[in-house]
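Visitor: Here the protein sequences come in this chain order: A and B.
Mapping of the first sequence onto numbering that gives the first Met the number 0: position 157 corresponds to residue 156, and the numbering continues sequentially without gaps.
Mapping of the second sequence onto numbering that gives the first Met the number 0: position 163 corresponds to residue 162, and the numbering continues sequentially without gaps.
For the record, the hints were derived by calculation from the structure and aren't laboratory data.
Ideal placement from N, C-alpha and C gives every residue a C-beta, glycine not left out.
Treat the hints loosely; a few may be bogus.
Here are the simulated distance ranges between beta carbons [said to hold, decoys possible]: (1) G181/B <-> A118/A: 45 to 51 Å; (2) R21/B <-> R62/A: 40 to 46 Å; (3) G146/A <-> V239/B: 54 to 60 Å; (4) D26/A <-> G31/B: 54 to 60 Å; (5) Q74/A <-> G181/B: 50 to 56 Å.
Residues per chain are reported as follows:
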Amino acid sequence: MVRFDRVGLRYPVPPGPEGTGPEALRDVSFALPEGSFHWLLGPSGAGKSSLLRLMHLALRPSRGEVELFGARLSQTRRAALPRLRRRIGVVHQDFRLLPHLPVADNLALPLRIAGRAEAQVRADVEEMLRWIGLVNRADALPAALSGGEQQRVAIARAVVIRPALLVADEPTGNLDAAQTWRVLRLLGEMHRMGTTVVVATHDEVLVRAHAAPALRLEGGRLVSHG
Amino acid sequence: MADGARRQRLRRSRGRDPLGLRRALADRLLPGLVAAMALLGAVALGGAEGAAELARRWQGGAGSAVLVQFPAETPPARRDAALAALRALPGVVDARAMDRERMAALLRPWLGEVPSLPLPVVIELRLASLPASPAGFAERVAAAVPGGGASVEAHGVWLARLAALARSLQGVAMAALLLVAGIAAAVVAVAVRAGIAARRQAIAILHELGATDSDIAGRFARRVALLAGAGALAGTTLAVPVLAALAGLAAPLVGGEAAVAEGLPWRGLPWTGLALLPAIGAGIGWLTAQIAVRRWLRLLP
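The whole structure should be built from the sequences, with the hints applied where relevant.
Guide: Next up, the structure:
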């Protein structure tokens, strides 16, 4: 499903050539089987977000090989990446909802991008709204929602297209305890439905509450896996 | 119920614009600028068309740069001697006597059908290049005719100069049209860049969700084409009365007095070109937006 082989990552430092900045990830190698749930742990600056960005194709590695759904990124044309991205759901700490679109249209976005028929879009959006308990907020703009509600919408948007891989970067970082457990329950449900889930967090309480293998990063290196 | 339907319509409407381009690319500034460009373009187009018409008309009049005229009773031997002398004159490419039928056709608009009227003997001269001083050249031609008695008309030289000037004006007008198109493309590019800057995060989100470059660039291009097309239509519409007024002023120069007298000065407007301007404006907007957005998207992985 996901395989990293001696992956290194340097960010570009403008105006220099690409990949000339400090190394954010060094020789990271691991493999995640299909349908697994993994925590991604480590202190701030360890490289968790960088690793997730590589995983959801927001970055390309400076060296090494990333393999997703059997496709080696080094051999994949840029034009083929959107099709891979549609199989990945992403949840960010800051939600990243489109502020000018109501909740229902935010949820419909991945389906419309994938070219689904409008009748199917409406049915799937209704189902997702029921799943996250926000049926009565379908027409609300994101700014009118609480942080927890926004994160539930962000999770619903990430999974509405039934992704094979779901990555979440500190999804509970801005939430109170009650909302945190609700989000964790939603992620667990996706895992039980067969989605491969990777969640980056530094919340050890959350990790203890949901027993699962963990990838632990420190200083850009993978120090433990399992 | 009605409120629910309204909300549903609103939701669908916004869903078709996930990048929020209706606000990022507002419907006033860009169409206004493109309308101004289209207005200038239409005037340039009208100028090019008018200059071409003047050039055609004046070129026809300048077909014989110089005419040498003898009295009707001039014997053929004297005419032939004059032809030989004129052909030997420096700067003359050809000299030939005008036949009666052609001369009658030329005079018909003024004199009508008068077969019994004695017509003068006329020799047409074609020149290698236009002389710097038509009057001086006419004097040299008159002096070169054996026996004298010839009158020389060099007004064709002036007409040829006017035709050359009209052709130059036509070229300048076409260059102005291209320049206007280039400026319109630059204006659109600036507006698109501003739109990209305003919707950077929304673009990144669509990109992350699997939207292709073609999808994102297409959304920009359709919006910009709509705005540019509407602006170009407005500018072209505004240009029509201006061009009609100019056509009315130019009518006596291009022989269109009859149309003006009938109150139809717009009959001679370049309607095909004017009709194409909105489509060209939309096309420039679409293409410029596609290029600008795709170039920016290439920065994303």
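Visitor: If a hint holds in the structure, say so; if it doesn't, say that too.
Guide: Status of the hints after comparison with the structure:
Checking the proposed 45 to 51 Å range against G181/B and A118/A shows it holds: the Cβ atoms sit about 46 Å from each other. Between R21/B and R62/A the Cβ separation comes to about 43 Å, which falls inside the hinted range of 40 to 46 Å. Taken as a hint, the range 54 to 60 Å holds for the pair G146/A and V239/B, whose Cβ atoms sit roughly 57 Å apart. Distance hint check for D26/A and G31/B: the Cβ-Cβ separation is about 57 Å, which falls inside the suggested range of 54 to 60 Å.
At roughly 41 Å, the beta-carbon separation of Q74/A and G181/B lies outside the given 50 to 56 Å, and the hint is violated.
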